[in-house]
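Start from chain A and add chain B according to the hints.
Quick note, the sequences are listed as chains A and B, same order. Per the numbering used here: the first sequence = residues 976 to 1377. Per the numbering used here: the second sequence = residues 3 to 384.
Treat the hints as calculated values from the structure; they're not laboratory data. None of the values given here were measured: they were computed from a predicted structure. Please note that the accuracy of each hint is not assured.
[Unchecked claim] In silico SDA-like links for lysine to any residue, alpha-carbon gap of 25 Å or less:
1. A/K1355 - B/H285
2. B/K379 - A/L1312
3. B/K286 - A/I1369
4. A/K1015 - A/A1078
5. A/K1213 - A/F1190
6. A/K1116 - A/D1142
7. A/K1213 - A/K1372
8. B/K169 - B/H64
9. B/K286 - A/G1361
10. A/K1259 - B/D369
11. A/K1156 - B/S279
12. A/K1259 - B/V376
13. B/K268 - A/I1369
14. A/K1155 - A/G1361
15. B/K352 - B/D28
16. B/K15 - B/P115
17. B/K268 - A/V1374
18. A/K1037 - A/E1280
[Said to hold, decoys possible] Listed next, the stretches of chain B that the computed footprint assigns to chain A, with coverage defined by at least 3 CB atoms under 8 Å from CB atoms of chain A:
19. 6-20
20. 270-283
21. 300-307
22. 365-379
[Said to hold, decoys possible] Not everything, but these chain B residues come out facing chain A in the computed CB check (under 7 Å):
23. M3
24. G68
25. T72
26. L122
27. V264
28. V288
29. T292
30. E295
Glycine included, C-beta positions come from ideal geometry on N, C-alpha and C.
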Amino acid sequence: MDLRFSAEENAFRDKLRTFFRTKVPASIRDKVNEGRHLDKEEMVTSHKILHAEGLTVPHWPKEWGGADWTPVQHYIYTEELQFNGVPQPLPFNVSMCGPVIIAFGTEEQKKRFLPRMAALDDWWCQGFSEPGAGSDLAGLKTTAVRKGDHYVVNGQKTWTTLAQYADWIFCLCRTDPSAKKQLGISFLVFPMNSPGITVRPIVTMDGGREVNEVFFDDVKVPVENLIGQEHRGWDCAKFLLGNERTGIARVGYSKQRVQRIKELASRVMAGDRPLMEDERFREKVAAVEVDLKALEMTQMRVLSEERHRKGNTPNPASSILKIKGSEVQQATTALLLEVAGPLALPYQPDEDDVQFGSNEPPVGLDWAAPVAPGYFNYRKVSIYGGSNEIQRNIIAKAVLGF
Amino acid sequence: MDFDLSDEQRQLKDSLERLLADNYGDLNQRMGYMKEQKGYSPAIWQQYAELGLLGVPFAEEHGGLGQGLTETMIIAEAFGRALAVEPYLATVVLAGGVLRHAGNEAVLKELVPSIVEGKLTLALAHQERQARYDLADTATTARADGKGGYTLEGDKCVVLHGDTADKLIVTARVSGARNERGGIGLFLIDAKANGVTRRGYPTQDGMRAADVTLSAVRVGPEAVLAGPEKGLAVIERAVDEAIAALSAEAVGAMAALHELTVDYLKTRKQFGVPIGSFQVLQHKSVDMFTALEQARSMAYYATMMAAEPDADERRKAISAAKVQIGRSARLVGETAIQLHGGIGMTMEYKAGHYFKRLTMIDMAFGDADHHLRVLAKAGGLS
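Next up, chain A with everything else stripped away, as it sits in the complex (with noise of 0.2 Å):
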C-alpha cells in the first residue's frame, strides 16, 4: 500500500499540465473557470487540440485511438483537464455512444462512427428521457417500425443537451411494444438533419439554452443504423449508464471552483476585512475542502482497486461517486453564490435570451454576473444521469443486498 504519486505519474502530470495550460486558449479555459457557457466553435477547437495530441479518446482500445494508459494515468488526466478549466471532450461522443459502439456495433459501423466521433467531425446528442420516461427509463414510448429495409421512428425525446448542435443522435426506441418493458428496445443511431425531426429549445431557469425537446415524426432509420441485436437496446442503455464511474465525480472542477472561491473571497470584504478572514465563511469552505478530499481519495480507491476486477461488476464504492460528487459541486456553487452576496442579482441575458435579451451594455461585475445562475443551474447535477435518489436505490439494492 503506497498512497503517493510515483515520479513517472508526477512527470504524466506535469506534461499535461503543461499542454493543457499551453495549447488550449486561455479565452476557453478562462471561460470554464469562470462558469460561462462555451459556444459550439469554442468546444469545437478545444476538442480538436485534444484530438490532435490523442487525448480525446484515451480510455477507448488503442485500435480506435486509445491511450493504454494505467487506471491512475486516466485518473490524472481526468484531474488535470478539469482543474485547468479544459473542456470534458464531447461526452456524448466519447463517453457515451463511442463506448456503445465499440461493445455492441459491426466492424463496419466502428469504422463509419468512431473516428469521426472521436475527431468530433460528427456533433451527436442522447435521445433517452421522454416526457413519461424520466428515473423509469425503460417506459419510454417513441416506436421504431420496422418497414423494409428500414425504421419508422415517431415519439419525443427530452432534455436532450445541446441537440442544437448535433448532427447525429443516439436513441431509444420500442420496437417490440407487445414484449415486457425492458426487452423490447432497440438502439439505433440517425442524423439530426433527417426529415420529420424538429428540436425545440427548453430554457432553464437560468436562463440558459441547455436542452431541448426532440420530436420525431415518421422519421426514416436505414436498419443498418440499429447498434447491437433489434429488441436487446436495453443492454446498450445500462451499459453507457454504468460506464461512466470516475468522471462523474467531477473532483478537478470542483477543486478549480474551490480555489476560485478562496481567491475571490480573498478580495471581497465584508465589512473590514475580507470575507476570506470571516470565521463562519472560511469554516464552511474547508467543510467543503474535507468532503472534496474524502470524493477524492474514495475516486482513487475505486480506481486502484478496479485492475483486479474480473468483468464489469464496479466497486461498491463506485456507487457514491454521483452523489458525494453531485453535493460537493452543489456547495460549491452555493459558496460562489455567497461570494458574491449583493452583486449576484444583476441578470445578465445572452444575447439569444428571447425576454431580455438586448445589446446594452452588461450591468454589474464580470465575475459575478454567472454565479447565481451557476448555483441556479447546477440543482441539475443531482438529477440528471440517475438522480440521487435513484442512486440510492441502486446502492441498496446492488450494494446493501435489500
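Using the frame of chain A, we list chain B on its own:
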C-alpha cells in the same frame, strides 16, 4: 499510487481478525474482560504480543518490527470491529509514539523489548482539565533541581489506561506561560513513584482511564525524554499518529455497525414484511454507507499523511480526517440506533456499544468542530 495490501499485511489482517473473532465474537466475552481486574484481558494482551502486534511501529534496532502506519491502520480497524478494550492505543500508538519521536536511545533500548513482549504497559499523562483540545495548554510544572533532575507538580485527567499502566509519560512545563508552545518537557516516571496518586475509572465506551495527581514527584536526569525545546512537537506527532489510528478504528466500528443494522433491517418484520423493504429505511442505510466510505477514504489519507515531515501539511490533513471521522461517526451511530428502534437502546445489544465508542472517538484529541476550526484557520486543504 497503490491501495493494495502486501502479502504480509494481508496475513497480519487475517490472523488478527481470526484471533478477535474467537475472543470478541460474543458481546458477553467483552463484558467479561471489562470486569477483570485491569479492565481488560491480560491473556489477550499476551496473544497480541505473540502475534507481534506490540512491536509494530518500533524500529528493529530497538527490538521492534520496524513496520509502518499502514500496519497500525490494519490493526486499529480490526480493533474497531471487535470493540477491543486492551490498551493498544495507549501503550503502543500514543506512548510508543512519544518514545519513538522523542528519540531517547537509552530509553528506547531499555523499554521497547518489554513492551513488545507484553510485559510493560505505558500511558501518556498529558490531558489537563482546563486544556480542552489545546495540546499546548499545560499547567503542570517541572521545577529544575539544579542537578539535572526535576520536581513535578500538577493534575492530569482522563489519562487513557492510566490506572493500569506500569509507567507514565508526563508532560510538564519547564518554562513559559500556561498555553505557550515552548517550554513543555516530557518525563518518564514509574506509575507507582512517590507523590503519584491515580484514581482509575471506567469510561463511557467500556475502556479505562485515570486522573493522576503529581505532588512533589522527584525525577532524575534519566527521566527526561525530551527537553522543553521539542516536547510539544513530539506530543503533536504522536497525537497525529493516534488520530490516524483512531480514524481506522472508527472505520472498523462503523463498518461493523452498518452491517449489523442492514442485517437487522432484513430480518426484523413489522406489518408482515421485513422493515428493510421500506424505501425510507433503505435510503437511510445508504446514507450510512456513504458516510462510512467517505470516512474510510479519509482514514487512508490520515495514514498516508501522518508520516508527512512538514508539520503544517501533516496537521491540516489530520484535522481534515478527524472532521470527516467525527461527522461520519455521528451520522452512522445515531442512524444505527434509530433504525434498530428499541433494541438499539439496550445495554445487552451490540449497536449501543459501537455508538458509544464512536462518540468517544470523536471527543478524543479534538472533535469535528474543533478540527474544522483548526483547518479553516490554517487556510484549508489547498
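Violated hints, by number in ascending order, as checked against the structure: 4, 24, 26
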